[in-house]
Amino acid sequence: GWRASLLVQTCIITPLIGRVVTSPQVQVDVPTRIQTARMDCLTLQGAESSGLQNLLREMRDMIQGMNRNPLTLSLSSTLCILHAIGALLLLWSAPYLFLSADAPSGLWTQILSALVFSSLPSLGCYVGAICCSRMQGFKAGMHATALRISCAFAVLAAMCGPLNSAAEGFLARFLLLCLWLFCCGCLLPILCALLMTSMPSYLRSFNATSMFLMLHLLSFSVAPLLVTLLM
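Residue numbers (the numbering used here): 24 to 254.
Mixed in with the good hints there might be a few duds.
[Claimed, not checked] Computed spacing ranges between beta-carbons, pair by pair: (1) Pro-118 with Met-165: 39 to 45 Å; (2) Pro-247 with Leu-194: 25 to 31 Å; (3) Pro-38 with Met-82: 25 to 31 Å; (4) Pro-247 with Ser-141: 35 to 41 Å; (5) Trp-131 with Gln-159: 42 to 48 Å; (6) Met-82 with Leu-194: 46 to 52 Å; (7) Leu-96 with Leu-248: 23 to 29 Å; (8) Leu-130 with Ser-156: 47 to 53 Å; (9) Thr-220 with Gln-133: 22 to 28 Å; (10) Met-82 with Thr-220: 36 to 42 Å; (11) Leu-198 with Pro-93: 33 to 39 Å; (12) Pro-118 with Thr-220: 39 to 45 Å.
Just so you know, these hints were derived from the structure itself, not from any lab.
All C-beta atoms in this analysis are idealised placements derived from N, C-alpha and C, irrespective of residue type, glycine included.
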């Protein structure tokens, strides 16, 4: 059951990585004129329209605008899935490591799990931002470079699933878990920077709100339910 869970996260994230890698250049480098586009939200469409109708109409237009940018949808889905997988790992990584061969006591396993979860994603955020900055990925017109860097970290994180499924010892599983947390932390600043610059200005707030809504629903509602069913 534990090994199947790690393989599932690899199967989920691999198509997203492929979609990001195959995104055409025109979707990666958004023209400046699109970036500066404006749209007045919740504008009355006529005296006969109610406030609720206007709200639903604007939400429909926003969603249609988001669907026109596959790159943004892929990046948002990647962030949501990684956050949900992190919530799953936070709940069952200690029992998974404790059941490994040559594992320490349950208390030390729990302490080590808490230590890596509290430190490695933060360290990864710093390292990922530094790497992208040194390779000029945060500069204007260099979205493709930032996308290549993020794909490299995403591939490393995805490889941890099948490798961890083949591992039996505590040390190998623990190191692969650390690598997954570190690589996902490296992804966060790069993906957030790409999301801020790959959408027109009038869609950024709606896209961020929708993404964080799905992120919290998956992480704090669906993920705990899945862990309860698996355990």
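Hint by hint, here is what the structure shows:
{"no.": "1", "hint": "Pro-118 with Met-165: 39 to 45 Å", "result": "holds (43 Å)"}
{"no.": "2", "hint": "Pro-247 with Leu-194: 25 to 31 Å", "result": "holds (28 Å)"}
{"no.": "3", "hint": "Pro-38 with Met-82: 25 to 31 Å", "result": "holds (27 Å)"}
{"no.": "4", "hint": "Pro-247 with Ser-141: 35 to 41 Å", "result": "violated (19 Å)"}
{"no.": "5", "hint": "Trp-131 with Gln-159: 42 to 48 Å", "result": "holds (43 Å)"}
{"no.": "6", "hint": "Met-82 with Leu-194: 46 to 52 Å", "result": "holds (50 Å)"}
{"no.": "7", "hint": "Leu-96 with Leu-248: 23 to 29 Å", "result": "holds (25 Å)"}
{"no.": "8", "hint": "Leu-130 with Ser-156: 47 to 53 Å", "result": "violated (40 Å)"}
{"no.": "9", "hint": "Thr-220 with Gln-133: 22 to 28 Å", "result": "violated (40 Å)"}
{"no.": "10", "hint": "Met-82 with Thr-220: 36 to 42 Å", "result": "violated (23 Å)"}
{"no.": "11", "hint": "Leu-198 with Pro-93: 33 to 39 Å", "result": "holds (35 Å)"}
{"no.": "12", "hint": "Pro-118 with Thr-220: 39 to 45 Å", "result": "holds (41 Å)"}
In this structure, the earlier hints numbered 4, 8, 9, 10 are contradicted, and the remaining ones agree with it.
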